[in-house]
Amino acid sequence: MNNVVIDLKRLTKHFPVGNGKFTALSDINLSFSKGEFAGLVGPSGSGKTTLLNIIGSLDVPSEGSANVLGKSIAGLSQKQAAQLRNYHIGFIFQTYNLLPVYTVYENVEFALLLQNMTEGERRKAVMQALEWVGLTDKEKSKPSMLSGGECQRVAIARSMVKQPDIVLADEPTANLDSKNSHHILQTMQRLNEELGVTFIFSTHDEKVMQYLKRKISLADGRVVNDETVELIANR
Amino acid sequence: MKLAFNLAYKNLIGAGLRTWLNVGVLSFAFVLIIFYNGMIDGWNRQGREDTKAWEVAHGQFWHPEYDRLDVFTIIDAHQEITGTAAEYVSAGKLVPILLRQATIYPQGRMQGVLLKGIPHQQAVLELPTSVLQYNENAVAALIGHRMAKAAGLKVNDRLLIRWRDKNGTFDAIELRIAAIFSCDVPSVDNGQIYIDFDQMQKMVGLNNHATLLVKGTEEEIELSNWDFKNINVLLKELDDIIESKKAGGIVLQAVLLLIALLAIFDTQVLSVFRRQKEIGTYIALGLTRQQVVGIFTVEGGAHSFLAALVGAVYGIPFFLWLDTVGISFGNVDVGITIAEKIYPYYSIGLIFTSILLIVISATIVSYIPARKISGMNPTEALKGKLQ
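Protein chains in written order, with this note's numbering: chain A, 10 to 244; chain B, 95 to 481.
Now the stretches of chain B that chain A is said to cover, found in silico as 3 or more residues with beta-carbon under 8 Å:
(1) 102–109
(2) 372–378
(3) 464–477
Not close to chain A: a few residues of chain B, all C-beta gaps over 10 Å, as computed:
(4) T167
(5) D259
(6) L329
In case anyone wonders, no lab produced these hints; they're calculated from the structure. Ideal Cβ placement from N, Cα and C applies to all residues, glycine included.
When you get a sec, could you build the whole thing from the sequences and use the hints?
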């Protein structure tokens with residue numbers, strides 16, 4: 010059990026709606042080990058993103074517990090939660106969420122600016138991250154000059170540059186064509202294997218599912234299936 | 095903090111025209127505030143210097159009963175110049191002036207004037223009193239250009255003047271306008287006629303008497319039976335008027351600054367609403383909400399730094415040019431000392447205060463909308479949902 014990086018017990022999340030409440034997640038019991046390449050799959054509204062947000066300490070459970078890297082999400086102060094995200098969790102979003110005024114290099118570097126690193130250390134880490142995603146030649150480009158696939162690769166580099174323990178990818182291929190989707194997924198798969206980073210996806214994209222080693226199906230906020238699937242990538 | 099400034103700079107430059115419109119308006123407020131206050135300060139400095147040169151020098155000793163705002167005190171407000179006062183007068187360090195009310199009759203009209211006897215050899219005041227020594231056919235008189243205009247007088251004009259002597263008896267004599275001086279100090283000009291001090295004493299029968307003594311030296315002088323009025327007392331009216339002008343100007347400056355700040359406020363409100371996804375991203379990347387508030391506040395406040403730079407680009411040449419040519423007010427007569435041309439005076443204090451005022455104001459109006467971020471739900475922000 011030493012390998013467990015995420016442990017969710019009887020996790021429930023309600024959102025207020027008018028005078029009542031909407032239950033987005035109900036009685037979730039899951040755990041993720043270090044180096045997993047797992048996906049939360051299910052239709053829109055099934056609770057995938059809400060679960061990712063709680064794991065990423067952007068939200069807190071209404072009931073139950075969510076322990077990430079040994080820390081209870083509900084008990085973290087804003088500053089502690091920010092530190093957890095800054096040092097240990099990387100995010101990849103469907104719409105890339107790159108800072109438009111920064112260059113590729115600066116976008117990737119941003120995550121490191123909050124850490125006590127020298128400029129030289131930062132440069133080395135950023136260039137390595139850009140090398141992982143094959144974008145060293147685009148370091149001076151602004152996001153507006155890149156294709157969707159390139160933007161998402163920058164987002165991957167930004168999430169990986171700090172060498173986090175966990176990367177949370179929310180519909181990372183939803184805005185990409187098939188070729189770019191496979192390229193992105195192969196990149197993430199390679200980083201998962203080489204660096205042992207835990208990847209958790211939220212997706213309903215069949216292409217993503219082909220790469221997952223573990224598929225957790227959600228429906229109406231409940232886990233309906235949790236299975237390890239055969240790796241069928243590269244076919 | 096470096097991150098906040100770096101990001102603010104990039105976001106501001108990235109916002110393009112919106113930033114430059116805000117910066118343009120704010121820089122105009124900068125330049126106008128400095129210009130207006132510089133002009134008032136320049137007027138004040140020139141006004142004080144001119145008044146000192148033409149009227150008050152290093153202060154005045156007044157007869158205890160003399161009140162310059164009460165003409166009824168003039169008749170009795172005089173005393174003999176004796177002792178220490180006489181020594182200083184002989185040394186040219188005090189200039190005695192004897193006052194009397196009189197009436198002139200230019201072109202058959204009757205006009206009340208203040209007759210001033212002043213030694214023609216004095217060198218303390220700028221008044222060209224040397225012309226008063228030539229009294230061959232008529233008593234030489236010196237008037238200012240305002241008085242000349244009011245009475246319709248020219249150099250070498252002659253006119254009748256009537257006054258009461260020490261016994262209250264009316265007497266009259268013919269004056270010759272020996273010279274007309276031009277100065278910016280209305281209080282030495284309007285309704286006043288200068289004649290030689292000795293001539294004046296003969297006319298009123300008050301030998302060696304004076305109403306006031308103008309101090310022409312910085313050294314400390316103590317005279318019994320004379321009330322000393324220092325520069326601050328004598329220039330109080332000018333100072334008060336300039337203060338009131340400054341206060342009036344604040345309204346104009348405040349309105350302009352308010353417009354500029356409103357533009358920044360609007361931009362900030364728009365930013366906080368339009369850039370919710372960006373805010374969510376910052377939080378996801380590991381910034382606390384307070385740090386994001388800081389970034390947005392610095393970004394709004396940075397408008398004022400850019401405005402200072404832009405203002406300097408066109409403001410400094412403009413101010414240097416004004417310093418060379420001055421601002422002409424022509425011969426406007428507003429009843430107080432005002433130079434024909436005012437040369438604005440820009441002190442370091444003025445510039446520093448103006449910059450500080452605008453930077454602090456811009457930062458405050460930037461902080462107010464940015465505060466909303468601290469109450470934002472980051473998951474909603476990431477979706478770009480309005481909150």
